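Chains as they are written, first to last, in the working numbering: chain A, 4 to 358; chain B, 15 to 392.
Hints are computed from structural coordinates only; laboratory data are not their basis. Possibly wrong hints are sitting among the right ones.
[Unchecked claim] Label-pair distances were calculated between CB atoms; the ranges are:
{"id": "1", "chain 1": "B", "residue 1": "169", "chain 2": "A", "residue 2": "78", "range": "39 to 49 Å"}
{"id": "2", "chain 1": "B", "residue 1": "20", "chain 2": "A", "residue 2": "319", "range": "20 to 30 Å"}
{"id": "3", "chain 1": "A", "residue 1": "331", "chain 2": "B", "residue 2": "67", "range": "18 to 28 Å"}
{"id": "4", "chain 1": "B", "residue 1": "231", "chain 2": "A", "residue 2": "257", "range": "52 to 62 Å"}
{"id": "5", "chain 1": "B", "residue 1": "41", "chain 2": "A", "residue 2": "78", "range": "52 to 62 Å"}
{"id": "6", "chain 1": "A", "residue 1": "257", "chain 2": "B", "residue 2": "350", "range": "24 to 34 Å"}
{"id": "7", "chain 1": "B", "residue 1": "20", "chain 2": "A", "residue 2": "305", "range": "29 to 39 Å"}
{"id": "8", "chain 1": "A", "residue 1": "257", "chain 2": "B", "residue 2": "17", "range": "38 to 48 Å"}
{"id": "9", "chain 1": "A", "residue 1": "186", "chain 2": "B", "residue 2": "36", "range": "32 to 42 Å"}
{"id": "10", "chain 1": "A", "residue 1": "126", "chain 2": "B", "residue 2": "384", "range": "48 to 58 Å"}
[Said to hold, decoys possible] Derived BS3-like pairs (lysine-lysine); straight-line CA-CA distance at most 25 Å:
{"id": "11", "chain 1": "A", "residue 1": "24", "chain 2": "A", "residue 2": "152"}
{"id": "12", "chain 1": "B", "residue 1": "16", "chain 2": "B", "residue 2": "28"}
{"id": "13", "chain 1": "B", "residue 1": "120", "chain 2": "A", "residue 2": "158"}
{"id": "14", "chain 1": "B", "residue 1": "122", "chain 2": "A", "residue 2": "158"}
{"id": "15", "chain 1": "B", "residue 1": "385", "chain 2": "B", "residue 2": "352"}
{"id": "16", "chain 1": "B", "residue 1": "385", "chain 2": "B", "residue 2": "28"}
{"id": "17", "chain 1": "B", "residue 1": "147", "chain 2": "A", "residue 2": "158"}
{"id": "18", "chain 1": "B", "residue 1": "309", "chain 2": "B", "residue 2": "171"}
{"id": "19", "chain 1": "B", "residue 1": "280", "chain 2": "B", "residue 2": "168"}
Here the structure is a predicted model, which means the values were calculated and not measured. Ideal Cβ positions, reconstructed from N, Cα and C, are used throughout, including at glycine.
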Amino acid sequence: MSDVMNGGKVRKDYVRALDIKHGRVDMSHGSGGRAMAQLIEELFAAAFDNDYLRQGNDGALLPPPDGRLVMATDCHVVSPLFFPGGDIGCLSVHGTINDVAVMGATPLWLSAGFILEEGFPLADLQRIVMSMAQAAKEAGVHIVTGDTKVVEQGKGDGVFITTTGVGVVPDNVHLSGDRARVGDRILVSGTLGDHGMAIMAQRESLGFSSAIVSDTAALHGLIATLLDSGADVHVLRDPTRGGLATTLNEIAAQSGVGMMLNERALPINPEVASACEFLGLDPLYVANEGKLVVIVAGADAERALAAMRAHPLGTAAAIVGTVHEDDHHFVQMTTGFGGRRIVDWLSGEQLPRIC
Amino acid sequence: MKYVDEFRDGTLAKNLTVSIAREVRDRDYSFMEFCGGHTHAISRYGVTDLLPNNVRMIHGPGCPVCVLPIGRVDMAIALALEHGVTLCTYADTVRVPASNNLSLLKAKARGADIRMVYSAADALAFAQQHPEKQVVFFAIGFETTTPPTAVLIKQGKALGLQNFSVLCCHVLTPSAIANILESPEVRQYGTVPLDGFIGPAHVSTVIGSRPYEFFAEEYRKPVVIAGFEPLDVMQAILMLVRQVNEDRAEVENEFTRAVTRDGNLKAQNLVAEVFELRREFEWRGLGLVPYSALKIRREYAEFDAELRFPLGYRAVPDNKACECGAILRGVKRPWDCKVFGTVCTPENPMGSCMVSSEGACAAHYTYGRFKNIEVVSA
Chain A
4 MSDVMNGGKV RKDYVRALDI KHGRVDMSHG SGGRAMAQLI EELFAAAFDN DYLRQGNDGA
64 LLPPPDGRLV MATDCHVVSP LFFPGGDIGC LSVHGTINDV AVMGATPLWL SAGFILEEGF
124 PLADLQRIVM SMAQAAKEAG VHIVTGDTKV VEQGKGDGVF ITTTGVGVVP DNVHLSGDRA
184 RVGDRILVSG TLGDHGMAIM AQRESLGFSS AIVSDTAALH GLIATLLDSG ADVHVLRDPT
244 RGGLATTLNE IAAQSGVGMM LNERALPINP EVASACEFLG LDPLYVANEG KLVVIVAGAD
304 AERALAAMRA HPLGTAAAIV GTVHEDDHHF VQMTTGFGGR RIVDWLSGEQ LPRIC
Chain B
15 MKYVDEFRDG TLAKNLTVSI AREVRDRDYS FMEFCGGHTH AISRYGVTDL LPNNVRMIHG
75 PGCPVCVLPI GRVDMAIALA LEHGVTLCTY ADTVRVPASN NLSLLKAKAR GADIRMVYSA
135 ADALAFAQQH PEKQVVFFAI GFETTTPPTA VLIKQGKALG LQNFSVLCCH VLTPSAIANI
195 LESPEVRQYG TVPLDGFIGP AHVSTVIGSR PYEFFAEEYR KPVVIAGFEP LDVMQAILML
255 VRQVNEDRAE VENEFTRAVT RDGNLKAQNL VAEVFELRRE FEWRGLGLVP YSALKIRREY
315 AEFDAELRFP LGYRAVPDNK ACECGAILRG VKRPWDCKVF GTVCTPENPM GSCMVSSEGA
375 CAAHYTYGRF KNIEVVSA
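Model the full structure from these sequences, guided by the hints.
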């Protein structure tokens, strides 16, 4: 089966153009034959078009960049596929770009793997592909290679997308989850839980409507602004599944430190807080897709905060806690009520199929 | 968040802390919050940090998932795995450990059709949409969740649904309180000092405050019905301390914004129409408690999953190392249990108190276990 979206290189003798408006994915679209070549050319290659993709080979031949490489991969199975603020397409681009960017890297290239379910409307597929193309364009990255497979009806859920990203890290940038130090401050770039609650509100069984919009966004611009400020940043993470709580527990364990959050300082959109209250969820555990957790040297916290607030994706940034010594690596929080509690690892599954 | 933040206000909490500290005398106070909702609020907001050291909160058995005996979960699993039904359940229930290393979640991974619902009505809607499937609603909970189940059964009957039934495990709060008060630890030996109760919030909106009057009179225990917000809990503790100091044993209502003396008569009538008392019911931790649960009346027998499917009930003892029973009765505290935080964690619960976030062990593990490390508990 061809692995390439080889735009421009395939035969020109199709019987008729893809019927995107009424057509549906069928098994032939994954069979390696003409139908597949046509789908790739007319849909994927047309949308993602760039020099690397146009090479038309099984793999993309890429020029070696200056600096260390970062590579990250992310699978996307979100349900519903379209939600306020985005869709699985732009999410699959942002998600992987962010995994690359939090390493301090400039994202360069993406691959995209699609698992399509037989019967999936081509119009929806086109919408998703266009959304990916748009997100990649805005982020300045190229989708340079990809693959498409089709599974029988009932064996998938419309479309699953896996993206892999490659980026390059400047020599002077050293970010890692094990670099949080006692005395560091903890910052977030904006309101917590927006993505997860936007998805949750769409689930039909819950029957409530809200104006909550997903925060899905590519963070490398914000990260570049932050790093350019000269603040001594130790760790960056994007708090996706499991939310801020999970991300901080990961960092605390990796760095061998404890953390103390201040509940009052946490930026949470009132709509999200209300929806969480209603459903019995804790916004600290709800997924974000366009937020940044920053652990920075204590002395540079204000500088990092100012830099983030100056960027459109960081206007609601806040200093939310500190790193301290704790052999148990607990993440704790002083509650707005005046008590103290642990902010533990998420146990079980809070919200399934969120990204 | 309007109507919520007001009840979580840190400044008001400080004032209450001062009032409680001023009120307490040179003695110990032990109060049981019956409901898991209170347990959760106490742990999540760090309420114990605001209480004097001589006020101890005992976490009671009012967590519907925690008191569900293994045998009942086994029945639900058998329905799904052996009888091929679609089992609709509230999400907390799916992780309760059952026999043979199973839980509903593990049964689901083995092919059982188990659906998590937010509302009981979703189960009925699912049955209507899938007439080819036998759909069973796994009905658990105290008086709060019972009226919705009654409505479902009545609707099912009105619609003439042939493929819908209910595995009824609804239990009654007053019977559980009576059981605790009658336990030898409280009544005879006094090993569980119990100076009063924080009465249920949501349950009391349905049953009212009247049923607790018996406990105040007969057992001389003060009861303060309180809402589930942390300020409600603090206010209730203050009221309990005052009652103890003044040697009163009365039912007081802190939760007047939702609870009346008679409760919700419409809901009570619905429940009485559809359900009747069971002669006895096994509670996890409390054992067999007479007249402590409900079963479906004969008029609605066609909706009783226990009659529709050949299901036998088999009582299954808890794991020997598990102290859930003693913890639910207030005899032990979570950290007194050998397996707490070692082999029994929220990821791998051995006992039911570790399953639901309202369970005493899960709440303490998730929110408060740092306290055992810094302070040696008394």
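| task | Measure nothing beyond the straight line between the CA atoms of residue 147 of chain B and residue 158 of chain A; if it is 25 Å or shorter, mark the hint as holding. | result | 21 Å, holds
| Is it true that residue 126 of chain A and residue 384 of chain B lie within 48 to 58 Å of each other by Cβ? | 54 Å, holds
| message | Given a hint of 29 to 39 Å, does the C-beta separation of residue 20 of chain B and residue 305 of chain A actually sit inside it? | response | 33 Å, holds
| message | Holds or violated: residue 309 of chain B and residue 171 of chain B, Cα atoms, limit 25 Å. | response | 16 Å, holds
| query | At the C-beta level, are residue 257 of chain A and residue 17 of chain B separated by a distance inside 38 to 48 Å? | reply | For residue 17 of chain B against residue 257 of chain A, whose Cβ atoms are near 40 Å apart, the range 38 to 48 Å holds.
| message | Quick check on a hinted range of 18 to 28 Å for residue 331 of chain A and residue 67 of chain B, using CB atoms only. | response | Because 23 Å falls inside the window, the suggested range holds.
| message | Between the alpha carbons of residue 24 of chain A and residue 152 of chain A, is the straight-line distance 25 Å or under? | response | 21 Å, holds
| field | 52 to 62 Å as the expected CB spacing between residue 78 of chain A and residue 41 of chain B, which holds or is violated | value | Since residue 41 of chain B and residue 78 of chain A have Cβ atoms about 60 Å apart, the given range 52 to 62 Å holds.
| Taking the beta carbons of residue 169 of chain B and residue 78 of chain A, is their distance inside 39 to 49 Å? | Distance hint for residue 169 of chain B, residue 78 of chain A holds at roughly 41 Å.
| Is it true that residue 20 of chain B and residue 319 of chain A lie within 20 to 30 Å of each other by Cβ? | 24 Å, holds
| said: Next pair to validate is residue 16 of chain B with residue 28 of chain B; report whether the Cα-Cα distance is within 25 Å. | reply: Cα-Cα ~20 Å, so holds.
| request: Below or equal to 25 Å on CA atoms is what counts here, so check residue 385 of chain B against residue 28 of chain B. | output: 20 Å, holds
Hint check: no violations occur; every hint is consistent with the structure.
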